[in-house]
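2 protein chains.
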Amino acid sequence: MSMMDVDLNTWRLLAHADTHFSDVEIVTQTSPTTTHRYSFGDFTKRSKKLMNVLDGLGLTENAKVATLSWNNYRHLECYFAIPCTGRILHTLNARLSSEDLIFIINDAKDEAIFTTPDLVPVLEAIAEQIPTVKKIIVMDDVIPQSSIEGLESYEELLSNALDEYDEKPIPERQAAGLCYTSGTTGRPKGALYTHRSTYLHALNAASPSGMCFGISDCILPVVPMFHASAWGMVHAAIATGAKIAFAYPHLHPSSFVDLLINEEVTLAAGVPTVWIGLEEELRSRGELKLSLREIVCGGSQPPKALIARYRDNFNIPIVQAWGMTETSPLATVARPKHSMRHLGADELLERVGGQAGIPAPGIDVALRDDEWSQVDWDGTSMGNLYVRGPWVISAYLHERGADSFTEDGWFKTGDVAIGSPDGYFVIADRTKDLIKSGGEWISSVDLEGALMAMPGVVEAAVIAMPDDKWQERPLACVVLDKDATIDIESIKAHLETQGFAKWQLPDKVEFIDQVPRTSVGKFDKKTLRAKFTSQDEPGSYNKN
Amino acid sequence: MSMMDVDLNTWRLLAHADTHFSDVEIVTQTSPTTTHRYSFGDFTKRSKKLMNVLDGLGLTENAKVATLSWNNYRHLECYFAIPCTGRILHTLNARLSSEDLIFIINDAKDEAIFTTPDLVPVLEAIAEQIPTVKKIIVMDDVIPQSSIEGLESYEELLSNALDEYDEKPIPERQAAGLCYTSGTTGRPKGALYTHRSTYLHALNAASPSGMCFGISDCILPVVPMFHASAWGMVHAAIATGAKIAFAYPHLHPSSFVDLLINEEVTLAAGVPTVWIGLEEELRSRGELKLSLREIVCGGSQPPKALIARYRDNFNIPIVQAWGMTETSPLATVARPKHSMRHLGADELLERVGGQAGIPAPGIDVALRDDEWSQVDWDGTSMGNLYVRGPWVISAYLHERGADSFTEDGWFKTGDVAIGSPDGYFVIADRTKDLIKSGGEWISSVDLEGALMAMPGVVEAAVIAMPDDKWQERPLACVVLDKDATIDIESIKAHLETQGFAKWQLPDKVEFIDQVPRTSVGKFDKKTLRAKFTSQDEPGSYNKN
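Just so you know, the protein sequences line up as chains A and B, in that order. Read in this note's numbering, the first sequence has 296 at position 296, and its numbers run on one by one without any break. Read in this note's numbering, the second sequence has 1215 at position 215, and its numbers run on one by one without any break.
No wet-lab data here; the hints were simulated from the structure. Quick caveat: nothing in here was measured; it's all calculated off a predicted structure. Just so it is clear, CB atoms sit at the ideal spot from N, CA and C, and this is done for glycine as well. Careful: at least some of the hints might be erroneous.
Stated by the list, open to error - Pair ranges (Cβ atoms, derived):
| # | chain 1 | residue 1 | chain 2 | residue 2 | range |
| --- | --- | --- | --- | --- | --- |
| 1 | A | Ser-394 | B | Ser-1291 | 34 to 44 Å |
| 2 | B | Gly-1499 | A | His-250 | 25 to 35 Å |
| 3 | A | Trp-503 | B | Glu-1061 | 36 to 46 Å |
| 4 | B | Gly-1041 | A | Asp-369 | 18 to 28 Å |
Stated by the list, open to error - List time: in silico DMTMM-like cross-link candidates among lysine to aspartate or glutamate, alpha-carbon distance up to 25 Å:
| # | chain 1 | residue 1 | chain 2 | residue 2 |
| --- | --- | --- | --- | --- |
| 5 | B | Lys-1168 | A | Asp-507 |
| 6 | B | Lys-1436 | B | Glu-1472 |
| 7 | A | Lys-289 | B | Glu-1124 |
| 8 | A | Lys-168 | B | Glu-1407 |
| 9 | A | Lys-412 | B | Asp-1018 |
| 10 | A | Lys-412 | B | Glu-1407 |
| 11 | A | Lys-168 | B | Glu-1347 |
| 12 | B | Lys-1168 | A | Asp-408 |
| 13 | B | Lys-1412 | A | Glu-407 |
| 14 | A | Lys-168 | B | Asp-1364 |
| 15 | B | Lys-1168 | A | Asp-5 |
Taking the hints into account, I'd like the entire structure generated from these sequences.
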């Protein structure tokens, strides 16, 4: 052995929090007008107290310990304390239905749940149906009145605990975290992250092949900590000494902008809808001195029009990143090549802004057709997207969904993508969302992007409707500004100016009040399909 | 196993060069007025040809294959092709003495050497004394007349080779690279890098905890590729798609600045002397449109005055990084904390610019006194610097120098350092360069920094001279501008204004023509000590 055999585990990420970063701040908006702030030094002490608490709760040594919580400093303590004791952090999505929560908690066999007071009612509704859970700890000073017996107080437990804890030697291939996919098809499936994958993913998240931040930054993870490890942001921030700001979970544009200003946030990350929601507030403030040098956008494709508006109105670049729960999640990011530095803004938007990215060092992607032949990276051909790498899962928990993995080691993403001659790729669609019309594929994502760039259109979701002649045809579900006067003909005319061929245009438009969302904030096309398929008789759709 | 078990090896770093970065350029200055340029795509093809060549040379499967070369694209091909075949890349320092080269090549049992035509005479001088070497390959189209029989032409070998090569499954703990320490004490010792350490080191080098670059950058590694893997720069560039520019090896300031301009270099890295040498040329050019956003300076402490001049005259930040051959080398970097963003330029220079850095995620440092007690990080107390981490060696080749490793897993750097309350540290001195005067320690590095900030002083090196009364006293060896009128009294007066106490001032000053350099470009204090100790009779020194 020529090199030190150091296990890549969460202790290595935590190592400098107390020694080199003890003065760095962690700020949590506890309401639209109040904040809690403390230092990495305090955070480390309290995390070690929590490790001692965890060892005393009567859980098994490698127990799955769940959190049901928004973004805040106590959740951050759980993020590190649970895996540092050798147990597995299982982040529960606070927006899931009771039915999904019951399934997931039982499937994982969670032994304890850490939750915030406002989410206790969610647990009350399911408390009788999660028999493996021995302890429910409420992350606050006071615990609410509840039908659940024996709720424990996080702060009371911590107040009695020691703030010293010897580093535990944890092998790097041991499990550290668990997150379930949002389950747009079938039941949610568990993705188990190891200490090694968590460390590697965090190191990449901090680099320019990821989100690019470190000791000189203040990060704002708008992405919830119950979404795939908050995209690795908080792991990387604790490891590199970046200040952390947590926004109040229920987006209040005004308090959000206050945070950007007061904490001098330099990097923020979240799904596109967040930035759409924030635009009006930013505009209303007039001349702003923001420190924000970049927004990383993931979860779904940000409309190019949105990227252009942030560029032109606020001088803030929106960079797209792509990944899935199964890829830890950060797998690719779309930054321009050095050779593109003299491109005009619009060409850059086309060639990079509209892309999902280029894979990080260690991650490979492949585009294959249904016969497993390579698809050309020519900017138009669509292929099934496969991915592999050291922070990509090789199996779901309990070996479910085995058909998502190839024999030679690739994960089938279920996405259809287009590769560009520059080496970037973009998600054309989820395989199941793609519209197959007369043997040709129509991308619902492309149509949505073009629709959302049309003045007067707030949001748009496009779904496939069954069609006798063409197999499937596109239906556009459109949300309008209250003053907009738009009809199907003006929509078609707009899409034609954007380069869509006649056969690609939606045959029908439904004007709706809002696009329904999944638990992770994506457009919920399953609900739309259910709604607009049941409205017509089977086969009668095209007759309207 | 929940995660894909992907070995972290050089194949993972090479993976995207041909697929996503095939258009990215590698530019080599082949003379002060000529350049060679090709793409990552060409580079990959030629590297695969070289892999086939290597397999056909009759070497053992895990042979050590040496390079004796300056920075250029062929050396880069060796950097990847040799470890990708499972063999070990051994970079020989082109500035070493024949004696050291003979020792190192025999110690490593190198089986082949790849060299540039200008260095063939170096090998001619030692050819009879390196019996393990079966092949010497000259990296050029034509091979020079030589007393060495059977020299082979790199280009001829490549022209006959296939450019396809199947990825080899290389376990990550297998050796990939070998570099010998420069040996300021005793014989050079070998540091063996693994594929895993090379990957992790490169991933960190690309991040803001390292040098911070990626696909949007053009890097200029001024640091020679025979110095500790060129600080990980080329590994990281190939892995992340950063354009690479190689300067002509024998620093020609004019051609150097041409490269910065023509290739739009965004990040450059090298030892302080390079940037001292470049200042005059940069100044002479007047208003310059440089893309250079940062210089990373390592190898030895850059004088604060140099950092201030680059900041004020060229608006280019110099960031200090620290490491050793034994730490791969990049272990720490000194970037400001987010909380320091409103500090004045001078305070920032004091608190960060003058520091060696904060360790990267995974790397730990410790300051201990001789009794192994922790030394306070108070900005003044000196301690022995220890380091550990996944890219720090656990032993030298052939288990030499075992006393450099503690039983509980730390590497003794041989440096004395001071920790700051901010969590940064600075190298006060090599343990052996520190001046022990009357029980107190005087840092030669501090005195040198203050001396080199004095107008009229070009360079200064301070060494310890034996002293009957105080044990040791400082002697300053000073190089003056040709017009400067400076004597020992004005030097002492200057140092007093810089906050040095009377007992810390040098008793004697030697005015010299230049400070001798070691093979890696550092001040050669061994030679100075030999010169100025022998000049006086033992014990007579203090009587002058």
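Results for each hint:
no., hint, verdict
1, Ser-394/A to Ser-1291/B: 34 to 44 Å, "holds, 42 Å"
2, Gly-1499/B to His-250/A: 25 to 35 Å, "violated, 54 Å"
3, Trp-503/A to Glu-1061/B: 36 to 46 Å, "violated, 59 Å"
4, Gly-1041/B to Asp-369/A: 18 to 28 Å, "holds, 24 Å"
5, Lys-1168/B to Asp-507/A, "violated, 53 Å"
6, Lys-1436/B to Glu-1472/B, "holds, 5 Å"
7, Lys-289/A to Glu-1124/B, "violated, 65 Å"
8, Lys-168/A to Glu-1407/B, "holds, 18 Å"
9, Lys-412/A to Asp-1018/B, "holds, 23 Å"
10, Lys-412/A to Glu-1407/B, "violated, 47 Å"
11, Lys-168/A to Glu-1347/B, "violated, 39 Å"
12, Lys-1168/B to Asp-408/A, "holds, 15 Å"
13, Lys-1412/B to Glu-407/A, "violated, 47 Å"
14, Lys-168/A to Asp-1364/B, "holds, 16 Å"
15, Lys-1168/B to Asp-5/A, "holds, 23 Å"
Checked against the numbered hints listed earlier, the structure breaks hints 2, 3, 5, 7, 10, 11 and 13; every other hint is satisfied.
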